[in-house]
Structures are given as structure tokens and as C-alpha cells.
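A.B. asks: Spelled out, the chains give:
There are 2 protein chains.
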Amino acid sequence: MKDNSIKIGLFGLGTIGGGVAELIMGFPGRWKERLGVDLILHKAMDLNPDNASRLGIGQDQLTDRPEDITNNPDVDIVVELVGGTGAAREIVTASLNAGKPVVTANKALLATHGGELFSYARQRGLKIAFEASVGGGIPLIRSLREGLGANQITQCLGILNGTCNYILTRMTNEGAGFHDVLADAQRLGYAEADPSFDVGGTDTAHKLAIMAALATGRLPRLDQIKVEGITSVTPLDISFAKDMGFVIKLLAVLQIHEQQANLSVYPALIENSHQLAAVNGPFNAVFVHGDWVGDIMLYGAGAGRRATASAIVADILDLAREKLSGGSSLPAAALGRADFDPEPLAISSRDDISGKYYFRFAAHDKPGVLAALAAVLGDNQISIATMIQKGREQEGGAVPIVILTHEARESAVLKAIKAIDSLPVVDHPTIMLRVI
Amino acid sequence: MKDNSIKIGLFGLGTIGGGVAELIMGFPGRWKERLGVDLILHKAMDLNPDNASRLGIGQDQLTDRPEDITNNPDVDIVVELVGGTGAAREIVTASLNAGKPVVTANKALLATHGGELFSYARQRGLKIAFEASVGGGIPLIRSLREGLGANQITQCLGILNGTCNYILTRMTNEGAGFHDVLADAQRLGYAEADPSFDVGGTDTAHKLAIMAALATGRLPRLDQIKVEGITSVTPLDISFAKDMGFVIKLLAVLQIHEQQANLSVYPALIENSHQLAAVNGPFNAVFVHGDWVGDIMLYGAGAGRRATASAIVADILDLAREKLSGGSSLPAAALGRADFDPEPLAISSRDDISGKYYFRFAAHDKPGVLAALAAVLGDNQISIATMIQKGREQEGGAVPIVILTHEARESAVLKAIKAIDSLPVVDHPTIMLRVI
Numbered sequence: 001m002k003d004n005s006i007k008i009g010l011f012g013l014g015t016i017g018g019g020v021a022e023l024i025m026g027f028p029g030r031w032k033e034r035l036g037v038d039l040i041l042h043k044a045m046d047l048n049p050d051n052a053s054r055l056g057i058g059q060d061q062l063t064d065r066p067e068d069i070t071n072n073p074d075v076d077i078v079v080e081l082v083g084g085t086g087a088a089r090e091i092v093t094a095s096l097n098a099g100k101p102v103v104t105a106n107k108a109l110l111a112t113h114g115g116e117l118f119s120y121a122r123q124r125g126l127k128i129a130f131e132a133s134v135g136g137g138i139p140l141i142r143s144l145r146e147g148l149g150a151n152q153i154t155q156c157l158g159i160l161n162g163t164c165n166y167i168l169t170r171m172t173n174e175g176a177g178f179h180d181v182l183a184d185a186q187r188l189g190y191a192e193a194d195p196s197f198d199v200g201g202t203d204t205a206h207k208l209a210i211m212a213a214l215a216t217g218r219l220p221r222l223d224q225i226k227v228e229g230i231t232s233v234t235p236l237d238i239s240f241a242k243d244m245g246f247v248i249k250l251l252a253v254l255q256i257h258e259q260q261a262n263l264s265v266y267p268a269l270i271e272n273s274h275q276l277a278a279v280n281g282p283f284n285a286v287f288v289h290g291d292w293v294g295d296i297m298l299y300g301a302g303a304g305r306r307a308t309a310s311a312i313v314a315d316i317l318d319l320a321r322e323k324l325s326g327g328s329s330l331p332a333a334a335l336g337r338a339d340f341d342p343e344p345l346a347i348s349s350r351d352d353i354s355g356k357y358y359f360r361f362a363a364h365d366k367p368g369v370l371a372a373l374a375a376v377l378g379d380n381q382i383s384i385a386t387m388i389q390k391g392r393e394q395e396g397g398a399v400p401i402v403i404l405t406h407e408a409r410e411s412a413v414l415k416a417i418k419a420i421d422s423l424p425v426v427d428h429p430t431i432m433l434r435v436i
Numbered sequence: 001m002k003d004n005s006i007k008i009g010l011f012g013l014g015t016i017g018g019g020v021a022e023l024i025m026g027f028p029g030r031w032k033e034r035l036g037v038d039l040i041l042h043k044a045m046d047l048n049p050d051n052a053s054r055l056g057i058g059q060d061q062l063t064d065r066p067e068d069i070t071n072n073p074d075v076d077i078v079v080e081l082v083g084g085t086g087a088a089r090e091i092v093t094a095s096l097n098a099g100k101p102v103v104t105a106n107k108a109l110l111a112t113h114g115g116e117l118f119s120y121a122r123q124r125g126l127k128i129a130f131e132a133s134v135g136g137g138i139p140l141i142r143s144l145r146e147g148l149g150a151n152q153i154t155q156c157l158g159i160l161n162g163t164c165n166y167i168l169t170r171m172t173n174e175g176a177g178f179h180d181v182l183a184d185a186q187r188l189g190y191a192e193a194d195p196s197f198d199v200g201g202t203d204t205a206h207k208l209a210i211m212a213a214l215a216t217g218r219l220p221r222l223d224q225i226k227v228e229g230i231t232s233v234t235p236l237d238i239s240f241a242k243d244m245g246f247v248i249k250l251l252a253v254l255q256i257h258e259q260q261a262n263l264s265v266y267p268a269l270i271e272n273s274h275q276l277a278a279v280n281g282p283f284n285a286v287f288v289h290g291d292w293v294g295d296i297m298l299y300g301a302g303a304g305r306r307a308t309a310s311a312i313v314a315d316i317l318d319l320a321r322e323k324l325s326g327g328s329s330l331p332a333a334a335l336g337r338a339d340f341d342p343e344p345l346a347i348s349s350r351d352d353i354s355g356k357y358y359f360r361f362a363a364h365d366k367p368g369v370l371a372a373l374a375a376v377l378g379d380n381q382i383s384i385a386t387m388i389q390k391g392r393e394q395e396g397g398a399v400p401i402v403i404l405t406h407e408a409r410e411s412a413v414l415k416a417i418k419a420i421d422s423l424p425v426v427d428h429p430t431i432m433l434r435v436i
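Protein chains in written order, with the numbering used here: chain A, 1 to 436; chain B, 1 to 436.
So that you can see chain A by itself, here it is in the shape it has in the complex:
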């Protein structure tokens, strides 16, 4: 052991950074027991001075110059919790440049600049640890990288955005509409004032990109991910799904087949008996299939001050142990590969995707309508597994006709929907959801 302490430099003392400071400073005996040396919050920086004083961080621990942390010879590990992709990128680069490993929870940064940052870390023989970037407190990164490290991962299905899962859970339990629940979620602090990043699926896509990098060794570009959010999920579709034994969840979907990946974010129907169906409220979970391990699920709090701080400090402890033991990690151990490939992932053509589908048609309540719909589906080799038609909502109005298909090609499905939506007996665009 080179020193009798490990010293942390921390950028950001907001919700998450404040939790990390509190955890590090609150349990000195725990770190001494687990590391054999002290773990010390040596320097911190935050633009809002109130954050530091609320946490009892003294003036001598504070700085307003980033280089007092990144270039500080006493700092062993830098923790970046400022968010965004501007200052955060500079902090990570400057820290690596000064020979310091970095811990970050910043999925946006890794999903957009991960290729460049991991390459630079590899050149410098340093690690970027990011357990908190996907699934909050769930030890997902380690599990994909190490625990399942002997497997070829063929599928990951993730409920990765607590805001969306909270909203969908309440819509399911209460039969309420999206906008009503969103407003309440904002009031209760489960959704941001501008919720578009969450409910539009972008946050889930960032996490999916990181998960895909761990599963394949290659970071996808964000434009390779097909993203749908939950804004168009209706209580009516949730209710039809329920009648057929399904719940609707926003999923990050990674499927790997013959070296090609399919990366999508969409609201999907999940059978009630599936482990993911019981993941409710703000909880997250990832259901992984590996060629040798079979099915694995990891479940826990995907966000929040304490759970996220738990993951960040776990990363700090790992990097601290590595430093104390004098181990120099393999270059790209960040992604569990000796040979992390900076080339982006090969993506399957969308024409090759197939699956089961849920359709809700809004058709006139007239003789022959069902025959017309069924004819289009049949022409496109789409066969029907289940059909529900409920009474008309209003006299003379359109009636919802719901169909679950057997396995069908997505290209055929999209073609059929286009044809059906142009039929004169169809009132509104067809709702299509995928079934897991």
C-alpha cells in the first residue's frame, strides 16, 4: 500500500453527487474495514455553494477550478457527476490525461462520446467505471461484463427508465390517461418539468447503447437505435392488453443474431407470467439471455440518490482496491474485452426483424369490415392469434378491433398497416405495439 488513504475528487454535489459525498463521509469505519485504508473526499466542486454547505463540506475541501481536482497530485480517483456532455467530457478527458481513473454515472456522455473516451482511457491504461450509468443501484454493468463474461449475450430486455415505468404502472393500476399521470408524477418528483428526455425514450436509448457495448464489445451509434416513447400509449390499449393477459412496459431491446444486432426502444406487451411483468413503479430490471447461462434477471432501484450513490461508491471501491494492489488493468477491461472495437456495431436490417404484434384498428361498425382487415393481413402472411372486438364506443362511431398476431415479419406488418389505414372503412391510424 502506497498511502494510508484513497482520496476522491468529486465534480457535482447535486442530488446524486450529494448522496455520494454523504455516503463517503458518513461511514469512515466501513471503508477502513473494506479497503484497509481511509476513503476521503479530498476535493469537491459545485457551482452552487449551498450544496456544499448543506452537506457539511468545508471550504478547504472545495474549489471552483476544475484543474484543482483533475490535476491535483493528491487525488487518486475522479468522480464526474455534473451531467451533460460538455463540461463532463472535459473533466473526464482532463482526468485521464492526468493519469487518474474516472467514475461516472453519465449515460448521455458515454452513449455519445464513449467510443472516444474508452479509446483514450485504453491508451492511457486507465479505467472509466460506470456502474451507475444503467439501472442505478442494480449491479448490471459488472454482471454483464464479468459475471456473465463467459457468455455470448443473445438478448437483453430492459425496463430502464423509472419515470416511464412509474407512469405506465399507474396508468395500468388506475386506468388513467398518460397526461393526467404525468402531471401527478411531476408534482411528486417522479418526472422532470421537461419530461421529454424520459417519456420520449431517449434516456432508455442511451442506456441501451451502453448495455449493447457491454454485450457485444462495440458501442452502437445512437442513430442505430429505433426509439419510440410512451406518449402515445393509451388506457384503452393497456386495458385490451390486460384482457389478453399482458402488461405494457417501455423496453430497451437488444437482440443479437449472427453477429448482427437489433436495437430498439418501444412500449411492448409482456405476458403476465414473465418476470419483467412484475417490475412496477420506479423500479428497473434487465432480463438477459446468454448462450450458456440461459435467462437471468436483475431487479432494483434504477434511480434515486441513495441507490445511485451505492453504485458509484462500489466503483470507487473497485478502483481503490486496484490502486492499492498495484494491478494495472488490461487496456479495455472497461468493456470486458481485450480488443474493444471502436467500429460501431453491425445492425440487422429492419426487414429481417420478426415478432408478434398487437394491432388496434379503428374501423366502422359495418358488415364486411373484419373481412377486409383480415384479407390485408392474410395477403401479407400475417396470421391472427387472438381477436377482440368490443361494442361501439358511440352510435355510428368507429369500434376498436384488437388483434394479436402469430410470428410475422415487421416489414410485412408495416406494409399491412399502411394498406389498412388507407381503407375507407378505417377511421384513425392503426395502433401497433410489439409483443415480447
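I should point out that these hints are in silico values taken from the structure, not numbers from a laboratory.
The reader is advised that the hints may include incorrect statements.
Reference listing, derived: stretches of chain B covered by chain A, where coverage requires no fewer than 3 residues with Cβ under 8 Å from a Cβ of chain A [said to hold, decoys possible]:
#	stretch
1	130 to 139
2	143 to 153
Calculated from the model, a selection of chain B residues having no Cβ within reach of chain A, i.e. all distances over 10 Å [said to hold, decoys possible]:
#	residue
3	40
4	99
5	174
6	184
7	197
8	362
9	408
10	411
Chain B regions said to be covered by chain A (calculated; three or more residues, Cβ under 8 Å) [claimed, not checked]:
#	stretch
11	293 to 300
12	313 to 323
This one's a predicted model, so the numbers in the text were calculated from it and none came from an experiment.
Ideal placement from N, C-alpha and C gives every residue a C-beta, glycine not left out.
Keeping the supplied structure of chain A fixed, place chain B upon it in accordance with the hints.
C.D. replies: Chain B in isolation, oriented as in the chain A frame:
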């Protein structure tokens, strides 16, 4: 890198060892990609020569002298999969003695001799890796040790024996009796010819001991674990539990309160809405509570050739990376502590335990019986949450009266049962199960 390959010495080519050999030999490109060097099955030993030939292991890879593996200067990592606590203990000790790290799936060995073996490994600066010893392919050991390494673990609830969970799941789904399902499970290969180690709870207790060591840094003695199996679980109790919204599962229970642990294995009632209630068939899961991360659950295949091989090869890859990077681990990193204490864990007095309880009384169907039972419960400060009395099973026979209690002290519960069982109106000993 010191060499262009990592060489494995493997003891045991049975179900699990054969899977490990198959995985290592079957995917050379995968290991080269992930380690940067080849991973080679250098030497193997098994008492049955058919096992090796079935796997296509050549004569030059085989030996019948253990020291050809443990003392072989070419072997980098020894994998012990012979089971039991005799030869396995000698293999592990001899390997450590020769400076080789060890991978084992042997929960019986670790639960009975772990203190001695981990101490010896610590003295030698070596690791014993044991991901496969608890929860099969589930990355549980890493998660407790590293992913949740910043937490004080306060509770672990584990479904850790696939045989028991398979039997209880079928009893629940089919209303069948224990012995009928057991016989069928034996026929299908889900239970051993002598099932007592599984159904009596001993296997679960071994895994609980290892989990407790990871959560607390101290290995408990096996006699500190109170163990009940599933042999006395009846379809009647499963059915009553179902009526009240519960399932019955065999649980490994670790509770830690003020530095004292409660370690038990027992069949327990779990509410249908609990994540563990949906863990069915041969699957395993562990539900963990940490002071910062909150609730976490890990779910997957707890046994079987492929899932177990997945965990063993994950350990091999980790030790290989460590060797390739030249890192010398901290002495007791096996348990995630700098200071693994060989003293056994402090165990709470059973008088301090409290919880909710399920009772099934077999009482005569006479006026005043319920009042007599209720009086004994009241005298012992046990209050009733729910009661079910069903019609008599046979004319003049005893009727089952089922009671769920509110929180009560276990010492008072045991005293009350003793008093009730001595009442003249009570026909058979009371069935008591704990409620999670």
C-alpha cells in the same frame, strides 16, 4: 503479458466439469477476443475414463495423479469440481500451496472449511473464486462482494435450492403431495436418488453460510444456522396459504441487526406481490436489502450443467485477467474485505427474533375450541391478523383452523404452540410456518 495462453487444470469431468471442459474447448475465438490470449484446458483428471473420452479430451490432457495438476508449473489456474470435503480440500490446499489460484463450485467445502481455506489463500496472496457455489449461473457472489460493496447488507432472502423450488412449485400448481412430486422429480432428474441433502435444507444452509460470509465478512458455523426442510409441507397448507394470497417457498434467511445475524432455512409464506413469489420451478433468486441500494433481486438458473459452467468460466476469466495484468489482489478480496475475520459471526439470540406466523391447528369441531386457542394466543401477546376455519374433513374428526398473526415474538409463539398442543381439544401437533 507473460505468456500467450492461460492454462487450466481441471479436477472432475462429471456433469459440471464436463460442461466447463466443453465451454472452454468449444469457443477458442471467444476467449482470445476477451482475454487477448488463448484459454487452454491443459490437464484434467477424473476417476471415470469414459467422461474424458465422451468430451473428446485426449490422453495427453489427462492424468491420474493430482500433483500433475496442482504442482504443474504450466498450470495457471486450478478448477476443483470433484465435490465433497475430502479430496476437494486437499486439491484446493495443494494448489494454493503451489501458488495457484483456485476456482470451485463446492459450497459444502466452503461452508465447512472456508475459514481455514480463505485464511490460507490470504497468507499466500491468492484467490479462491466461487461464483458457482451459490445460485448457479446467477452473478450473486460478485454482486454481493463488489456491486453492492458500498452497502451494509441488512437482509438476504434466497430461493437457493432448485430441487425444493421445483417440488414446491409443482405441489402448488397441481395440489399434489410432497412424496408424489418427489418421486416424479427423481424420475425427471430434478432430484437425486437420495434427496435428503436438498429437501432437508442442508444444501440451502451451505449456500446461506457463504452468502452470510459475503454480506458480513465472517463465515458462520453451520450449527449457527437453524434448518428446516420441506418434507413436512403439505398441499393443505399450500392451499390455505393460496387462499390468503401467499405462496410457500423454501427460503434461506439472513437478517442482520446491530451487528448480530439471524441465519435460518425454512419454508415460508411469501405474499403473491413479492418478487420472490414468481420464482418458479428450478429457478433460484436472491432478494437483498442494502442500507443504500434498497431492494435488489437477482434471478436465474441456480443449477445445471450450462449455467454452472457459465459461472465457473466467468471466475476463470477474472483470474486470467488478473494474472495477465500482473495485479496482486488484496489479501482477503475473496470476501471483499481487507480484514476478513476468521472468528464466526455473532448470532442473535432466538429470543430476540420476531415476525409474523402461520398456524394450522387441528382442533375438535366443538363449541369453545376457538375461544380456548385464542386465549392461549392472547396470553402470549400474539394477536390475530386473519383466521380461516373450513368445514370438518370427516364427521367427528378434527377441523383445521388457520391463523395468520400480526408481528409476534418467536419465543412467545413457541410457548403458545406448546400450550395449545397440550389442550385436550387439539388432535395433532400444530403446524407453524413463518411469513415473510
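A.B. asks: Work down the list of hints and note, for each, if the structure agrees.
C.D. replies: These are the hints, each one checked on the structure:
1. 130 to 139: holds (count 4)
2. 143 to 153: Since 8 is at least three, the answer is holds.
3. 40: Non-interface label stands for residue 40 of chain B: nearest chain A Cβ at 15 Å, farther than 10 Å.
4. 99: holds, 17 Å
5. 174: holds, 17 Å
6. 184: holds, 22 Å
7. 197: With a cut-off of 10 Å, residue 197 of chain B remains clear of chain A, as the shortest Cβ separation is near 24 Å.
8. 362: Holds, because the least Cβ-Cβ distance between residue 362 of chain B and chain A comes to about 35 Å, which exceeds 10 Å.
9. 408: holds, 29 Å
10. 411: The assertion about residue 411 of chain B holds, with a minimum of 32 Å to chain A.
11. 293 to 300: holds (count 8)
12. 313 to 323: Answer holds; 7 residues pass the 8 Å Cβ test.
In this structure, none of the earlier numbered hints is contradicted; all agree with it.
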